[in-house]
Amino acid sequence: MAQIPRRNVHVFSSSNGAEVAGEFGRSILLTFVTTIPWQAFSSTEALQSLTFIGWINEVCYIPVEWALYPSQFNNNRAVGGAALDSASGNELQPGRYVIRTPSPESAQIVVYLTTDVPRTRAYSVNYTYTPHETNFVTRVGARDSRCCITGDLVAGEDYTGFEAAHIFPLSETDIWNELNDKRFIEDDQIQPGMELNSIQQGFLCSSTEHRMFDDYSIGVNPDDNYRICDFVGRHPNRSPHWKIFYRNPNEQQHYLPSADLLRDHFRQCVLRHVKGAGESNEPHRRFDPDIDLQAGSFNLTAGSWWSGLEGKRQLEAELAGRLWGAVATQNQISEVEQLYQ
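Just so you know, my numbering puts 93 at position 101 of the sequence shown, and the rest follows in order with no gaps.
Simulated from the structure, these hints should not be mistaken for lab results. Being a predicted model, the structure only gives us computed values, none of them experimental. Keep in mind that the hints are not guaranteed to be accurate.
Stated by the list, open to error - With a straight-line cut-off of 25 Å between C-alpha atoms, the simulated SDA-like cross-links for lysine to any residue are:
no., residue 1, residue 2
1, K174, Y151
2, K235, S137
3, K235, E50
4, K235, Q40
Stated by the list, open to error - Restraint-style ranges between C-beta atoms, simulated for each label pair:
no., residue 1, residue 2, range
5, T106, Q85, 40 to 46 Å
6, G72, I167, 25 to 31 Å
7, A147, H227, 22 to 28 Å
8, E11, T152, 24 to 30 Å
9, E170, A79, 48 to 54 Å
10, G73, N127, 15 to 21 Å
11, D180, G81, 36 to 42 Å
12, H246, I167, 22 to 28 Å
13, Q183, F65, 43 to 49 Å
All residues carry an ideal CB built from backbone N, CA and C; glycine is no exception.
All chains, full assembly: derive it from the sequences and hints.
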């Protein structure tokens, strides 16, 4: 069966021809094996050149001034057209591009990928229904009453198929504390030390969109009117791409999802799907919760998925997620003790 291609935009370094970035551009016609032979993404949903060039700056270190050119079809390192306007709102056309110095020199440049990688998220515990988050789930559901990604409304009080998603992963408490991200929480109804469960740290969405948000496959860009970006290019009839993320207009600002945390999550999406060739350096496939978290699937023996570097990182995240309640309680106790010192 034909599949939507993972990428149709490829960016190469002019120094060695290595792929350093890419994305799924939505202005190309795509073939599907369905009763409808062709489907097209609207040009209004296309990725802008200036946006994509900004993403390259997130995933690459380029020590000199640079420009992005179409490359020659049979030579990834050679220029095949005029440089893209870095300030242009024109749509980025699917194709192959090369990074060089600005014209007229258009000289080769050594491009370095950053060492940043997207944060690992835990999947083995569905946090939505754990007892210590009852208040989080209740507050998020009452505020949103719909999937903030698709716009689908909750029918009455029946929340079947809807989940309260965390923006910043609970499994990465150490990074949360290191970055002092609690400074983004203005919620006055959350206890000290429990900011990760603030209503500003979550939103309501369908179970499918929750999974894709956790996997960094969809993100919300607060710097573009809270526009949603689908980084994996799903079928246009199923994709929330270019929709506007729902923020309750009747809610006070300090109870709405944090723009800073959504911006941080969006950067993780860029790191996962735009950087390099978009694939892990591990010799094994990517983590699949439906396979790797099934009964009998957890296996640390040599050669298994869990025995690799990515598997060990995932194991740390799963354990951290399960221990989050105990860690948060200890942090809460420590903050209260500091108040009385």
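**Unsatisfied constraints (hint numbers, rising)** = 1, 5, 6, 8, 9, 10, 13
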